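As you go down the protein sequences, you meet chains A and B in turn. Quick note on the UniProt record's numbering: the first sequence kicks off at 1 and runs consecutively. Quick note on the UniProt record's numbering: the second sequence kicks off at 1 and runs consecutively.
Just so you know, these hints were derived from the structure itself, not from any lab. All values derive from a computational prediction rather than experimental measurement. Accuracy of the hints is not assured; some may be wrong.
Derived lysine-lysine pairs resembling BS3-like cross-links, with alpha carbons at most 27 Å apart [what the hints assert, rightly or not]:
no.: 1; chain 1: B; residue 1: 41; chain 2: B; residue 2: 16
no.: 2; chain 1: A; residue 1: 67; chain 2: B; residue 2: 18
no.: 3; chain 1: B; residue 1: 41; chain 2: A; residue 2: 76
no.: 4; chain 1: B; residue 1: 16; chain 2: A; residue 2: 16
no.: 5; chain 1: A; residue 1: 16; chain 2: A; residue 2: 67
no.: 6; chain 1: A; residue 1: 41; chain 2: A; residue 2: 73
no.: 7; chain 1: A; residue 1: 18; chain 2: A; residue 2: 67
no.: 8; chain 1: A; residue 1: 76; chain 2: B; residue 2: 18
no.: 9; chain 1: A; residue 1: 16; chain 2: A; residue 2: 41
no.: 10; chain 1: B; residue 1: 41; chain 2: B; residue 2: 76
no.: 11; chain 1: B; residue 1: 41; chain 2: B; residue 2: 18
no.: 12; chain 1: A; residue 1: 41; chain 2: B; residue 2: 41
no.: 13; chain 1: B; residue 1: 18; chain 2: A; residue 2: 16
no.: 14; chain 1: B; residue 1: 16; chain 2: A; residue 2: 18
no.: 15; chain 1: B; residue 1: 76; chain 2: A; residue 2: 18
no.: 16; chain 1: B; residue 1: 76; chain 2: A; residue 2: 73
no.: 17; chain 1: A; residue 1: 18; chain 2: B; residue 2: 41
no.: 18; chain 1: B; residue 1: 76; chain 2: A; residue 2: 41
no.: 19; chain 1: B; residue 1: 18; chain 2: A; residue 2: 18
no.: 20; chain 1: B; residue 1: 41; chain 2: A; residue 2: 67
There are 2 protein chains.
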Amino acid sequence: MDMRRLVGRNVLRIRKSKEMTQERLAEVSGFSQQYISGLEKGQRNPTVVTIYELSVALDVDYLDLLKPDAQSKREKE
Amino acid sequence: MDMRRLVGRNVLRIRKSKEMTQERLAEVSGFSQQYISGLEKGQRNPTVVTIYELSVALDVDYLDLLKPDAQSKREKE
Numbered sequence: 001m002d003m004r005r006l007v008g009r010n011v012l013r014i015r016k017s018k019e020m021t022q023e024r025l026a027e028v029s030g031f032s033q034q035y036i037s038g039l040e041k042g043q044r045n046p047t048v049v050t051i052y053e054l055s056v057a058l059d060v061d062y063l064d065l066l067k068p069d070a071q072s073k074r075e076k077e
Numbered sequence: 001m002d003m004r005r006l007v008g009r010n011v012l013r014i015r016k017s018k019e020m021t022q023e024r025l026a027e028v029s030g031f032s033q034q035y036i037s038g039l040e041k042g043q044r045n046p047t048v049v050t051i052y053e054l055s056v057a058l059d060v061d062y063l064d065l066l067k068p069d070a071q072s073k074r075e076k077e
């Protein structure tokens, strides 16, 4: 399982479902827009504390940023 | 939610349920016994990749290392 890419896809999907821009998520979370951009591309390896802080900013359960998505389930087959 | 302590409690509980020593988990996961000791005490802030590698070494789903335990649920009340 490529955790970097999975977390990136989850953050991107959830952020868009909340109609938040990367700039807005950056503002609310305290991370830079560049960090969020890289995270969503699967280029970051966030810590559990960072995951929790992002989940608070997105107002979702932190597990939602970590759960397998459809793509990762296909990759597992 | 104190993610450091939660992950530490989950790793300790699961490791013991598998009757693995810290040394054995260190050997299987590739992390040092000191790292695992600190992690179980809530003193580390592991990345999602580290969480996944530990879950493979413990032969559990990575989400099991991240899910709230009874204590974190009490803390949330």
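To see whether the hints hold, each was checked on the structure:
About 14 Å separates the Cα atoms of residue 41(B) and residue 16(B), which keeps this hinted pair within 27 Å; it holds. Of the supplied pair hints, the one linking residue 67(A) and residue 18(B) holds, its CA atoms being roughly 24 Å apart against a limit of 27 Å. Simply put, residue 41(B) and residue 76(A) have alpha-carbon atoms about 32 Å apart, too far for the 27 Å limit, and the pair is violated. In summary, the hint linking residue 16(B) to residue 16(A) is not supported, as the alpha carbons are separated by about 41 Å, beyond the 27 Å threshold.
A threshold of 27 Å between alpha carbons decides the hint, and for residue 16(A) with residue 67(A) the separation of about 17 Å falls inside it, so the pair holds. Distance restraint check for residue 41(A) and residue 73(A): the Cα-Cα separation of roughly 19 Å lies within the 27 Å cut-off, and the hinted pair is therefore satisfied. The suggested pairing of residue 18(A) with residue 67(A) holds, with an alpha-carbon distance near 18 Å, which does not exceed 27 Å. As the CA atoms of residue 76(A) and residue 18(B) are separated by approximately 25 Å, the hinted pair is consistent with the 27 Å bound.
With a CA separation close to 14 Å, the supplied pair residue 16(A) and residue 41(A) stays within the 27 Å bound. Annotation: proposed proximity of residue 41(B) to residue 76(B) holds, straight-line Cα distance about 20 Å (limit 27 Å). A C-alpha spacing of about 18 Å is found between residue 41(B) and residue 18(B), which places the hinted pair at or below 27 Å, so the restraint holds. Taking the CA atoms of residue 41(A) and residue 41(B), the gap is about 32 Å. The hint is violated against a cut of 27 Å.
Taking the CA atoms of residue 18(B) and residue 16(A), the gap is about 40 Å. The hint is violated against a cut of 27 Å. Pair hint residue 16(B) plus residue 18(A) does not hold up; C-alpha atoms about 40 Å apart against a cutoff of 27 Å. Between residue 76(B) and residue 18(A), the direct Cα distance comes to roughly 25 Å. Compliance with the 27 Å bound is thereby established for this hinted pair. Annotation: proposed proximity of residue 76(B) to residue 73(A) is violated, straight-line Cα distance about 31 Å (limit 27 Å).
Taking the CA atoms of residue 18(A) and residue 41(B), the gap is about 36 Å. The hint is violated against a cut of 27 Å. With a C-alpha separation of about 32 Å, the suggested pair residue 76(B) and residue 41(A) falls outside the 27 Å cut-off, and the hint is violated. For the hint linking residue 18(B) to residue 18(A), the alpha-carbon distance of about 41 Å lies beyond 27 Å, and the restraint is violated. Annotation: proposed proximity of residue 41(B) to residue 67(A) holds, straight-line Cα distance about 25 Å (limit 27 Å).
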